[in-house]
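Peer 1: Kindly generate the complete structure, drawing on both the sequences and the hints.
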Amino acid sequence: KAGVTQTPRYLIKTRGQQVTLSCSPISGHRSVSWYQQTPGQGLQFLFEYFSETQRNKGNFPGRFSGRQFSNSRSEMNVSTLELGDSALYLCASSLNTLNTEAFFGQGTRLTVV
Amino acid sequence: QQQVKQSPQSLIVQKGGIPIINCAYENTAFDYFPWYQQFPGKGPALLIAIRPDVSEKKEGRFTISFNKSAKQFSLHIMDSQPGDSATYFCAASIEEKLVFGKGTKLTVNP
Chain V
1 KAGVTQTPRY LIKTRGQQVT LSCSPISGHR SVSWYQQTPG QGLQFLFEYF SETQRNKGNF
61 PGRFSGRQFS NSRSEMNVST LELGDSALYL CASSLNTLNT EAFFGQGTRL TVV
Chain U
1 QQQVKQSPQS LIVQKGGIPI INCAYENTAF DYFPWYQQFP GKGPALLIAI RPDVSEKKEG
61 RFTISFNKSA KQFSLHIMDS QPGDSATYFC AASIEEKLVF GKGTKLTVNP
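Keeping their order, the protein sequence lines are chains V and U.
My numbering puts the first residue of the first sequence at 1, with every later residue one more than the last.
My numbering puts the first residue of the second sequence at 1, with every later residue one more than the last.
No lab work stands behind these hints, which were simulated from the structure alone.
Predicted model only: the values in this text are computed from it and were never measured.
Don't be surprised by glycine CBs; every beta carbon is placed ideally from N, CA and C.
You can take every hint at face value.
Here are some chain U residues the structure puts well away from chain V; computed CB gaps all over 12 Å:
no.: 1; residue: 8
no.: 2; residue: 14
no.: 3; residue: 61
no.: 4; residue: 62
no.: 5; residue: 66
no.: 6; residue: 74
no.: 7; residue: 78
no.: 8; residue: 110
If the Cβ cut is set under 10 Å, some of the chain V residues that face chain U in the computed set are:
no.: 9; residue: 35
no.: 10; residue: 42
no.: 11; residue: 43
no.: 12; residue: 45
no.: 13; residue: 48
Covered by chain U, per the in silico footprint, the following chain V stretches (three or more residues, Cβ under 8 Å):
no.: 14; stretch: 51–60
no.: 15; stretch: 100–110
Peer 2: This is the structure we're talking about:
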């Protein structure tokens with residue numbers, strides 16, 4: 001069974017640009033959530049989607065957005081990039097809710113210069 | 001208060017030792033407590049998880065102890081090996097999100 005796939009693995013962007021990251025969950029999983037990981041703040045929740053609906057959102061500015069498609073694949077978008085957005089962005093998938101087993105992808109390493 | 005406090009920040013043990021990582025929380029609405037292991041350059045991997053109605057869970061060399069009244073839980077790694085050297089995160093689930101501790105960097109010396 002394939003794991004969670006995130007693309008691309010690495011990305012370098014310039015301040016002010018926008019970026020779109022992609023996540024394909026484990027087959028059959030309908031919940032996809034996104035996290036930002038930085039050395040200073042650790043792992044922080046961005047948002048969670050289930051059946052194309054956002055069920056919860058973390059404390060991030062509106063520049064961070066996401067969506068989920070009917071096949072459960074998800075994308076997150078960051079507009080007007082800032083240097084502080086440099087981080088590892090992780091996607092996790094679970095069957096139904098996050099109080100069941102959640103599996104993470106390898107992440108997308110975003111560097112903003 | 002949706003925080004999970006994890007300690008210690010770093011831990012060094014000898015091969016065969018039993019490292020213990022502790023986590024504490026305030027919000028009694030948390031309903032699921034997983035532990036993740038992360039190697040450099042990789043995403044976190046689910047190790048073991050427990051629900052608040054269980055006081056202990058063991059899977060292989062990994063054991064979670066859960067104290068509901070004290071709002072604390074801990075991870076024990078029996079017979080630790082150099083390959084266990086990684087960063088460990090505790091987490092707690094609420095409202096479709098995981099709240100993570102800050103992580104413990106474990107080093108197991110040969």
